[in-house]
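Protein chains in written order, with the numbering used here: chain C, 14 to 357; chain U, 326 to 782.
Treat the hints as calculated values from the structure; they're not laboratory data. Even glycine gets a Cβ: it sits at the ideal position worked out from N, Cα and C. Just so you know, not all the hints are guaranteed correct.
[What the hints assert, rightly or not] Some chain C residues close to chain U (C-beta under 7 Å, calculated; not the full set):
(1) 29
(2) 40
(3) 337
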Amino acid sequence: MQKRIRKRYRAERRFRAIGMGAVIVSAAFLFFLLATMIGNGAAGFMRTEVALPIDFKSAPLEVDRAQLGTRGADLALAGAGLENRVKTAATAAFGEKGDELIAENAWTAVRDAIKEDPNLLSQSAHIWVPASSELDAAADGGGEPELRARVQQLRDRGALQSGFNAGFLSRADSTDPTAVGIWGALKGSILTMLVTLLIAFPIGVLSAVYLEEYAPKNRWTDLIEVSINNLAAVPSIIFGLLGLAVFLGTLGLPRSAPLVGGLTLALMIMPVIVIAGRNAIKAVPPGGVFDPATVLPVQIFLWSDEVSRGFIEKTSAAIIVLLAFLLAMNALAIYLRNKFETRW
Amino acid sequence: MNPYALLFLVAGLGVIAWLTGRARAARFGAASKHRLHSLPGQHGLYVAMWTVIPALIFVVAWSIFTPSLATDAVLKAPQASALPMFGYERDAILNEVRARAAGGDYGFYPLAEQLAPVYLQASRFYGWLGTGLAILLAFACGAFAYTRVKADFRARTRVERTVMLALLVASLIAILTTLGIFLSLLFESLRFFAMVPITDFLFGTLWSPQVIDPADPGATLGAVPLFWGTFFIGAVIAMLVAIPFGLMSAIYLTQYARPAVRQWMKPLLEILAGVPTVVYGYFAALTVGPAIRDLAVSLGFTYASSESALSAGLVMGVMIIPFVSSMADDSIAAVPRAMRDGSLAMGATTSETIRRVLLPAALPGVVAGVLLAVSRAIGETMIVVMAASGAANITANPFESATTVTKQIVDLLTGEAEFDSPKTLAAFALGLTLFMITFLLNIVALRVVKKYREAYE
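Isolated chain U (complex conformation) (with noise of 0.2 Å):
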């Protein structure tokens, strides 16, 4: 059966067992001298989680089992054994099969044509074994649940308790998520490191991963170049432009401007944060970059490359304004009133008043704010992706081309090299890397943030 009707009919299931629930729990409470120790719509819910919970693991289960059991059946009938033993054509017509057996009517072998109404029948025959099962198991622990339900039955405790830990199971995802991306970027880093010493990756100054010599990959995966272009695009040219406007942009907002000014400015800044990345790269790559080339050829520079660090870095960094503003906006906040009064009756004007007392009390979490956007852009991959040049250099002027981290892991991967090679393996260390500082960077700033806060409450 098809698994959505499946899941509808495990879902009425589940309604029905609910209402008949409730209903043996009204009687009960009817008859009965005591008082119901749960109210009855407890009881039905009681009921129901028994019918559904179970069924559906159940039905999740089994159609993750199901391709490989119709596929072992295939395997059994006898037309199967002209299939090769192994390799890439076994994998090409077993897959073939699936896609016909699928509704697919194109293919290049014969043999997944006679295969296919095998993997058919099969499959239909295990997914109606499954949803007799699915049904079956309902009806058990449905049943079950059904004879539990007493007077004095503690219905609300037991449903509390699992309403608590599908919660705490929900949370506990994003510690799974964190946990997943470390051991798995770990693992393939292990593998690419087992290949490539670990001080060649790290301190090596040559980076052209076009050209690798087996003998030793080594010599030509040296990331120092995606450093410094990552570090000079996100966290020097990107904050030039973000920090000053940023800043100004926040304190314009917060501190002069009249409330109906504020309410609309406001919005229309966070719009730049909203912009999808890829306009800004589509932008600076068609817009900016050729303009800030002939800047530069203008201005004596001869071999100015129109995939400047500068057009990258100078787009990246508009894009985070919004974002420095408003954690700046946040900081100067939480800035007790009475310092701002007490310089203001001072004879301080505003902008005295701002520079000198507001900034200072608001310092650390105007740092917290930029390292956290530091740490934004220097993940940031669609503008430079687009923007930046595929070249490594290792320079400090920003008219030449510079590439980042995430620019070559995007080029690494969309290649055609195979998942086994040094080249693909690289992309996973250069996450890695890019994953520990930026975490780095995140947790020092959300403690500094945090701190800074209970300062002042």
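Just chain C, same shape as in the assembly (with noise of 0.2 Å):
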């Protein structure tokens, strides 16, 4: 009897066990895609600058100095061999790959301080371009050991500076890592979060309203309900289906507009509110509902795709900016429905 009853003890503590280490687990997973995400996504919000030395005096560019205050300025530049004037000046000053030390878009850099400093062109001057994505990488501690030796050597000179990457945050999407920003995608959450609000939130509350206080219980209010259950559950990409069908073949709304997207979740939002009778946010400046716009989980989707390693870490920092999104909107959900939360 008491082996019997020690075994059902055992048992327990095994059972209890295996509840905890569930619950473990999950936190644990939690945690790790946290940390894997911030751990790779730091790096992108820094960027790493070249004092790239660069000398106009001894060798001019051919470029009308009248045309430099006008609109035609970047044109005028670009047509007078910026592009490899600036390579041609990495290779000089770093060695044989050099122009690999500096981002692709580096002259733009050089381009924009010529603009600002029309003088430059008759100077031999040091200006601080983007490094490249390899440099960048090996500046924060990764990439190949020989880069790393470089970085030593350019930091020891003082022709390295790390900073915080705010075109990161202001920039919209390019090809090249170093020079890609999220604000296009972050203005696109932000319009297409707006246009899916102000639709589905009234016609959700209003649908809520009627169903509690209005609706006689017949066949047809079982339809609505069945209906606003079912469509909780609905797959996203059918719905992306319908606002393919709908809005742009049937209507012919233009592409990828937020208007477009805004409707489509609002339908697709609209019966999680019915059900949840649950709110937040607001806010928010209008404008351009019909431009087209990315959005910010598109822009990691897209990125996610490029081989490059420099967009691995932007595109974790774009989920890191995503997500500090997220948890301040689930706070401010949570904040709300404790403030307002009165138990009857």
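With the hints as a guide, bring both chains together as one complex.
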């Protein structure tokens, strides 16, 4: 009898341990996911710049000074072969593979510097240009050992600086990982969310009120309830197909406009609002809901397909922004729920 | 006039109408021997509704028709005789005219530059005409409602009826959306099945939309590998992760954990459900996929893919853990307390009570939750798009690549093919199949949940 009871208690402890293990493993996965993203992405917020010595005094650039103040300045400088000049300068300064140390778009930094101060064209100067994504990775402690040695060498000379990549939050998409930013995508997210809320929220609340307060119990009400419950569980891609067929195909609205995305998402979110009756979020300025825009998750998805190493940390950085955005929303929702929740 | 400004104007008129209607009703109330049937505010609302609603409907309808009216004006302009009669170029020029009129200053067609001012002028004209008509309509309807305000006028009934109608319409949108999804998918699918026999699509075992033979498109559009891959990733691998972890977490958190632990752990696990799927997809493709490939190679599977079914299914399962857990939580909580107390009083341990009493009693609810979880897993898109491969295999080896219906829909639609090709239309046929399956799963699961709740109430 004693043996049997011991056995039963052992089973009890085992069962309890399995339960605790399940919770711990799930939570551990969440932490692992967040840690991986933050570990990958933290470097994406930083950027590395190289001081590039460039000499326009001994070899002047053939460009019409009068054009520098006008809108044609970009074209004039590009036409004068500035891009090649910057590459040559890099090779001259940093050795044979020197042009691989600076970013592909480094010459645009030189171009903007010249536009700001045309006198540069008659001087030899050091201009800070963005480093290539390989050098960027090496400066963060990754990359090839050869490049890491290079980073140390440049640092000793004071020709390397790292700083917060403010452009990452304010620029739009690009094919060069050193020049990308998420502002375009973030703006698209906000606009789409705004349209979604403006449509889904009133309709959701109205139908929740109707179903709770007015609706008679009959077959029609049952049908409405069943279709709301079902819609909440229909896969998102089906709503995408609906949006494609109806909003783009039949109604001919412009493709990838926040309006279309917002309308489609509104149809998808509405049942959730009806069911939960819960709410959140306001504000954000209006405007431009017909312009093409990219939404943050789409941006992440597009970048994730890029092969270049530099995109990995940028994608993770974008994910961090997205997660911060969502956590803020969740925190707001929980705060509002706690604040307005009354237990009867 | 700018549509937003017009909306504000109409809203302003509505406020004025509300004030005047209320004031008039109050005057009648003071002058008349009888009591007012409705409160002055309700009379005000009645007048305001008459002022705002017809005008708003008119503004929306007008703004839909204005572009085509302005285009007509452009086509009547003498310069328009140079337009090509039909075809792609005509549309391109007209599009550019609209873009230029909206403020764009670039383009390819000199003709568009000539026509843009005509378009701008016409759309301005129609804009002002619409504004005038809208204001006229608001005043006319408002005045009509104003004259009806009398002491015994039943304004409250009318207002309530209108509000009720608005509420009814709002709740009908759910039915309309369901119908819209079904009809639009069906319509496009029928066009697909006119080109490809339905039996080829449903029972064919070769899926290779990159090479479609125009003479026999059905030969490479057999969807069985996709159905298998979807089932394998979503209903087998993901559930092997989600059911044990979800169920055990729910049991631990409801039956064993101290309230303080439960209060912290439950929201923490719910964050897993709130993480955007694109993040899971990226994680699966970048971290989990290569790790699983290395594992498989070290186990001796030399042909392992980094886009294996296992990596997508595993991550998808983790995403669904909180979903299964909260469904199980609900159904365990619904079991009458007397059953649990009775079992404990007989001397059973907690785990015996859970296994022999609570779980059997909660089984219908748990099963329904699992069905909903399966429906969610097979409809999950972003994770498989990023982590699963595009190669359609029928395989039971989790280290090999498999593809799903959702992944193929995305691949088919992001291609370059035109809208009418069997390749694009196949996406809608796949969508219809997916919709039908998830619809059935949802309906069955929701019915089980409802029945089960009623049984214990």
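Status of the hints after comparison with the structure:
1. The beta carbon of residue 29 (chain C) comes within 6 Å of a beta carbon in chain U, closer than 7 Å, and the hint placing it at the interface holds.
2. Taking 7 Å as the C-beta cut-off, the interface hint given for residue 40 (chain C) holds, the closest approach to chain U being about 6 Å.
3. Because the closest C-beta pair between residue 337 (chain C) and chain U is about 12 Å apart, greater than 7 Å, the hint is violated.
The structure is inconsistent with hint 3 alone, although it conforms to all the rest.
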